Amino acid sequence: MSDPKIEGFELKPGFSGMAKDTASDQTMFKGVHWGKAMMWIFLLSDTFIFSCFLISYMKGRGSTIVDWPNASEVFGLHVFGVDVPLLLIAIMTFVLITSSGTMALAVKYGYERNKKMCGWLILATAIGGLTFVGMQAFEWSKLIHEGVRPWENPFGAPQFGSFFFMITGFHGTHVTFGVIFLFIYAYKTFAGHYDEGKRGWFTTMKGDYVEIEILGLYWHFVDLVWVFIFAFFYLW
Amino acid sequence: MSDEYENKTGYQAQSSESIASGSIGSGVASDSDYVRPAENAEQDLYHGHSFITKWVFCQDAKVIGVQYFLLATFTGVIGLVLSWLMRLQLGFPGAAGFMTAEHYYQFVTMHGMIMVVYFLTALFLGGFGNYLIPLMVGARDMVFPYLNMVSFWSFFVAVAVLLASFFVPGGPTGSGWTLYPPQAILEGTPGSGMGIILMCVSLILFVAGFTMGGLNYLITILQARTRGMTLMRMPLTVWGIFTATVLAMLAFPALLVGSLMMMLDKLLATSFFMPTILKAGEVLEYGGGSPILFQHLFWFFGHPEVYIVALPAFGIVSDLISVHSRKNIFGYRMMVWAIVGIGALSFFVWAHHMYVSGMNPWFGFFFATTTLIIAVPTAMKVYNWILTLWRGNIRLNVVMLWCLGFIVTFVNGGITGIFLGNVSVDVPLSDTYFVVAHFHMVMGIAPLMVIMGAVYHWFPLVAGRFLNETLGKWHFWLTFLGAYSIYFPMHYLGFIGVPRRYFEMYDSPYMTSAVGMNEFISTAAFIVGAAQFILIFNIIKTLKTGKPAGHNPWQANSLEWLTPSVPPEHGNWGEKLPVVHRWPYDFSVPGAKEDYITQTTPPSEVKDTAVEKT
Chain A
1 MSDPKIEGFE LKPGFSGMAK DTASDQTMFK GVHWGKAMMW IFLLSDTFIF SCFLISYMKG
61 RGSTIVDWPN ASEVFGLHVF GVDVPLLLIA IMTFVLITSS GTMALAVKYG YERNKKMCGW
121 LILATAIGGL TFVGMQAFEW SKLIHEGVRP WENPFGAPQF GSFFFMITGF HGTHVTFGVI
181 FLFIYAYKTF AGHYDEGKRG WFTTMKGDYV EIEILGLYWH FVDLVWVFIF AFFYLW
Chain B
1 MSDEYENKTG YQAQSSESIA SGSIGSGVAS DSDYVRPAEN AEQDLYHGHS FITKWVFCQD
61 AKVIGVQYFL LATFTGVIGL VLSWLMRLQL GFPGAAGFMT AEHYYQFVTM HGMIMVVYFL
121 TALFLGGFGN YLIPLMVGAR DMVFPYLNMV SFWSFFVAVA VLLASFFVPG GPTGSGWTLY
181 PPQAILEGTP GSGMGIILMC VSLILFVAGF TMGGLNYLIT ILQARTRGMT LMRMPLTVWG
241 IFTATVLAML AFPALLVGSL MMMLDKLLAT SFFMPTILKA GEVLEYGGGS PILFQHLFWF
301 FGHPEVYIVA LPAFGIVSDL ISVHSRKNIF GYRMMVWAIV GIGALSFFVW AHHMYVSGMN
361 PWFGFFFATT TLIIAVPTAM KVYNWILTLW RGNIRLNVVM LWCLGFIVTF VNGGITGIFL
421 GNVSVDVPLS DTYFVVAHFH MVMGIAPLMV IMGAVYHWFP LVAGRFLNET LGKWHFWLTF
481 LGAYSIYFPM HYLGFIGVPR RYFEMYDSPY MTSAVGMNEF ISTAAFIVGA AQFILIFNII
541 KTLKTGKPAG HNPWQANSLE WLTPSVPPEH GNWGEKLPVV HRWPYDFSVP GAKEDYITQT
601 TPPSEVKDTA VEKT
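From first to last, the protein sequence lines stand for chains A and B.
Numbers 1 to 236, taken from this note's numbering, label the letters of the first sequence in order.
Numbers 1 to 614, taken from this note's numbering, label the letters of the second sequence in order.
You can take every hint at face value.
Simulated coverage check for chain B against chain A, where a stretch passes if three residues somewhere in it have a Cβ under 8 Å from a Cβ of chain A: (1) 40-49; (2) 227-236; (3) 260-272; (4) 275-289.
Below are the BS3-like pairs computed for lysine-lysine, each with C-alpha atoms no more than 27 Å apart in a straight line: (5) K206(A) with K54(B); (6) K266(B) with K59(A); (7) K576(B) with K30(A); (8) K20(A) with K613(B).
Below, a sample of chain B positions facing chain A; criterion: calculated Cβ distance under 8 Å: (9) L215; (10) I219; (11) L250.
It should be emphasised that the hints constitute simulated quantities derived from the structure, not laboratory data.
Note that this is a predicted model, so its numbers are computed, not measured.
We put the CB at the ideal spot given by N, CA and C, even for glycine.
Whenever a hint applies, use it, and build me the whole structure from the sequences.
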């Protein structure tokens, strides 16, 4: 993507350019699609939601009097006769981060108007997300099978179960919504809605490949949040 | 797309050199009047055809604004009736035969939550925000009309769920509007079953709905202004609503998280907020959680919430004062920075609500400091309002009366805020009627006065007719004098130590002087409450028979009064979007023919005037 061309307005780099954009009329972020600006602000708000969750988790973990379970034992897998700590979670993280890569490529091919590549890459991203949710379901069922519940936990503090299920559940919901939209966008891409500028199903906005970038922003955000959840739950 | 737009408006782009050469008031007219060409493509709007798409599931921000306004007013009236019932019990114990202590707590809770969230927030941001933002920045509509419609209906469902809690077993929650755990979800508190669950669900729906609306307001203001409309040419109303929306986007997440965790504590017996609790000698299944955590989450939302209500009021009142005293707002930029500064500071003061919660005393020290710093930008605003009035050509109509009432009330409530911001003064006054008097003055009555002023000011735009002035003056004086009769004595009640949220004082000997005062306060409350129905009567009466307002009845400058049709139609501006050449405060400019120059007046038309460069 190159810088947008704005008629009668010279875009400048750096702080002075930012000040000039801010002082100008009509738009604050020059050449930025309304939907894209909206997604950024939504993600800022969402960041505060996840921050509240994670800060509550730190506070909860700090104030409970029962010992916190050892993450590498609780999340370990027993494969081929050896205990491998954090095996599943490593695979999950790898899959999710890979899906971010395919998403970024989808955005690139979208702007190049390569409908086929773009569509397949969105589909690949969706499948990556689906795999992630599937593995998370497996992990949940494993923990539930071992007796971990939101209200109790055989390995230590009951808050471990509470926070784990709530926060990974909230994140998993984000991923699930992302996957649903990825499938919809893959369909729209293959059907050529973005090439023709077909209007949305509910809105009067014309379709454009920028929508893939907007969904991409959401997807990368969900991915980034996972990195924090990973660090706080599995490495701490 | 942009080519198509330029053909439609017939606008010819000019080279950028002409900006540099054309200074205001000199040279060729077309040079000084130059405004950059449009960046945004013309917005496509969905025009409703049936009754349902035009008035019910409508995508026109103005209709959505009115919908928000009406629904918020409806819930506000419920909150008003609840406050009557509370005052009936406090002034004349036992007069309302059915009322038990449980009912009283439920009414206190619902009154607080309704008034703060479902009435004031929804009215200012949903109501005024939706109606005024697109008009004031010169947009055709909000940028995402469909999302805007969903926002209102989420609010509708949130209100429905909230009101449904009156009809479930156990009734609505009675834990106070702060919903503090552990008592909010333990047996013994009224409504600790379905009541609290529905409250949490309703709040989550409200936050979700508000997020959709809030994104609309922000992007409309940031990315969809008309040609010539810079941020520093926006009316202060838009600045107030904008900053309040930013606060809401960052503060509501804490409420959402708190509500969700509390709901899980109730439904799944998790112990996020629940410490080990002994009940009748037995240990409950809860344990290990932190009730203070909820207080932090709640007040991280709760304090910005005060400014979510106050900042739009600040903005609106600035515009009303400027228009009705025919003077530019004193220190416009200072006003903008004060709004932004108050907004930023409001995120660093939340724990001043928690001085007696048992948190670390050093926290109190920090939060007292930040709290008192807020007095600086706030005082700046008050001085600027007064300096705007100073030597103005004041029209002492109903709108101006409400504005003056606001300034007095706000100063009053603000000063008691300085008392309560100090830890050592706050501790003895905590949970007394002094606190009740303080926050009702500063975030109840003061913003309400702005709402009333704004209704009298913008009704001619929305309905095309003036509201009746005589009825308006009755409404104002009854409300103003009545509100002071209610809340002034409450300060005294606080000083003698009458605790808030008590159902009855029984035979406390030190409170004998409070008995007569409570009767007086209650009587005043009944009269003030009843006086509000004057407005409703006034609106219904003047909708059909009021004096027609015509175009720009107040001789205002801002864009909302400059629409081709009054009331404005869907799409707001007819064929061409307005082009803005100045700020909205060019009143009584020396050398001008009239005492106002509208925002769309190009410099070439007012050549020999001493306008400020904006």
